[in-house]
Amino acid sequence: MRILHHLSRTAGRPRPFEHSGAVSLRDLPNGASGRIVSISSPKSIGGMTGACCAQRLEALGLRVGKVVEKISGMPFHGPVTLILDGRQIAVGWNISSNVFVLPVPERESSNG
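Following my numbering, the numbering of the sequence shown begins with 190 at its first residue and continues without gaps.
Be aware that a few hints might be false.
Computed list of lysine to any residue pairs in SDA-like fashion (alpha-carbon distance at most 20 Å, straight line) [stated by the list, open to error]: (1) Lys255 x Ser227; (2) Lys255 x Leu273; (3) Lys255 x Gly275; (4) Lys255 x Arg215; (5) Lys255 x Glu295; (6) Lys255 x Ala221; (7) Lys255 x Ala279; (8) Lys255 x Gly220; (9) Lys255 x Thr270; (10) Lys255 x Arg224; (11) Lys255 x Asp216; (12) Lys255 x Asp274; (13) Lys255 x Ile278; (14) Lys255 x Ser213; (15) Lys255 x Val212; (16) Lys255 x Ser286; (17) Lys255 x Val226; (18) Lys255 x Asn219; (19) Lys255 x Ile225; (20) Lys255 x Gly210; (21) Lys255 x Ser209; (22) Lys255 x Gln244; (23) Lys255 x Leu291; (24) Lys255 x Ile228; (25) Lys255 x Ala211; (26) Lys255 x Gln277; (27) Lys255 x Pro292; (28) Lys255 x Arg276; (29) Lys255 x Gly281; (30) Lys255 x Pro294; (31) Lys255 x Ile272; (32) Lys255 x Val293; (33) Lys255 x Pro218; (34) Lys255 x Ser229; (35) Lys255 x His266; (36) Lys255 x Phe265.
Distance windows between CB atoms, simulated [as the list claims (entries may be wrong)]: (37) Val253 x Arg276: 24 to 34 Å; (38) Ala221 x Gly267: 24 to 34 Å; (39) Ile260 x Pro294: 25 to 35 Å; (40) Gln277 x Glu247: 13 to 23 Å.
What the hints contain is simulated information worked out from the structure, not anything from laboratory work. Backbone N, C-alpha and C fix where the C-beta goes; we use that ideal spot for every residue, glycine too.
Using the sequences and the hints, build the whole thing.
Here is the structure:
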């Protein structure tokens, strides 16, 4: 039922960057790297307002232009683990759904 509800809510809505090759961190394959091209600003995530969420991402170093490597994504809306600037960080599933990256070749990922 949840899947049908979600599909009915999102039907007909274009996904950001659908035609440019960008994907959300959530959808980036494990082990792949991507350059952040956009960060959506949701009204609230996990009790945080959009402004607090943006501040949290900024504090983590997640900003447009940075290259991240996705280590893992936990099932059932669990956290997504990333390598950013040589540090391992984890972000929530909802946040990872709002950060869009363009996959980069392996050799570019070390240039961050």
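Checked hints:
1. Lys255 x Ser227: holds (10 Å)
2. Lys255 x Leu273: Distance of about 8 Å is within 20 Å: holds.
3. Lys255 x Gly275: holds (12 Å)
4. Lys255 x Arg215: Given that 20 Å is the threshold and the Cα spacing comes to 16 Å, the pair holds.
5. Lys255 x Glu295: Judged against 20 Å, a Cα distance of about 15 Å means the pair holds.
6. Lys255 x Ala221: Holds, because 14 Å separates the two Cα atoms, which is no more than 20 Å.
7. Lys255 x Ala279: holds (16 Å)
8. Lys255 x Gly220: holds (16 Å)
9. Lys255 x Thr270: holds (15 Å)
10. Lys255 x Arg224: holds (6 Å)
11. Lys255 x Asp216: holds (17 Å)
12. Lys255 x Asp274: At roughly 8 Å apart (the allowed maximum being 20 Å), Asp274 and Lys255 satisfy the hint.
13. Lys255 x Ile278: holds (14 Å)
14. Lys255 x Ser213: holds (14 Å)
15. Lys255 x Val212: holds (15 Å)
16. Lys255 x Ser286: holds (17 Å)
17. Lys255 x Val226: holds (8 Å)
18. Lys255 x Asn219: holds (17 Å)
19. Lys255 x Ile225: holds (6 Å)
20. Lys255 x Gly210: At roughly 17 Å apart (the allowed maximum being 20 Å), Gly210 and Lys255 satisfy the hint.
21. Lys255 x Ser209: Judged against 20 Å, a Cα distance of about 18 Å means the pair holds.
22. Lys255 x Gln244: holds (16 Å)
23. Lys255 x Leu291: Cα-Cα ~11 Å, so holds.
24. Lys255 x Ile228: holds (12 Å)
25. Lys255 x Ala211: Holds, at about 14 Å.
26. Lys255 x Gln277: holds (14 Å)
27. Lys255 x Pro292: holds (12 Å)
28. Lys255 x Arg276: holds (13 Å)
29. Lys255 x Gly281: Within the cut-off at roughly 18 Å; holds.
30. Lys255 x Pro294: This hinted pair holds, its Cα atoms lying about 14 Å apart.
31. Lys255 x Ile272: holds (11 Å)
32. Lys255 x Val293: holds (11 Å)
33. Lys255 x Pro218: At roughly 17 Å apart (the allowed maximum being 20 Å), Pro218 and Lys255 satisfy the hint.
34. Lys255 x Ser229: holds (15 Å)
35. Lys255 x His266: violated (24 Å)
36. Lys255 x Phe265: violated (27 Å)
37. Val253 x Arg276: 24 to 34 Å: This hint is violated: roughly 18 Å between Cβ atoms.
38. Ala221 x Gly267: 24 to 34 Å: Cβ of Ala221 to Cβ of Gly267: about 18 Å, so the range 24 to 34 Å is violated.
39. Ile260 x Pro294: 25 to 35 Å: 18 Å Cβ-Cβ, so the 25 to 35 Å window is violated.
40. Gln277 x Glu247: 13 to 23 Å: Between Gln277 and Glu247, where Cβ atoms are some 18 Å apart, the hint holds.
Figure legend: structure checked against the earlier numbered hints; hints not met, in rising order: 35, 36, 37, 38 and 39.
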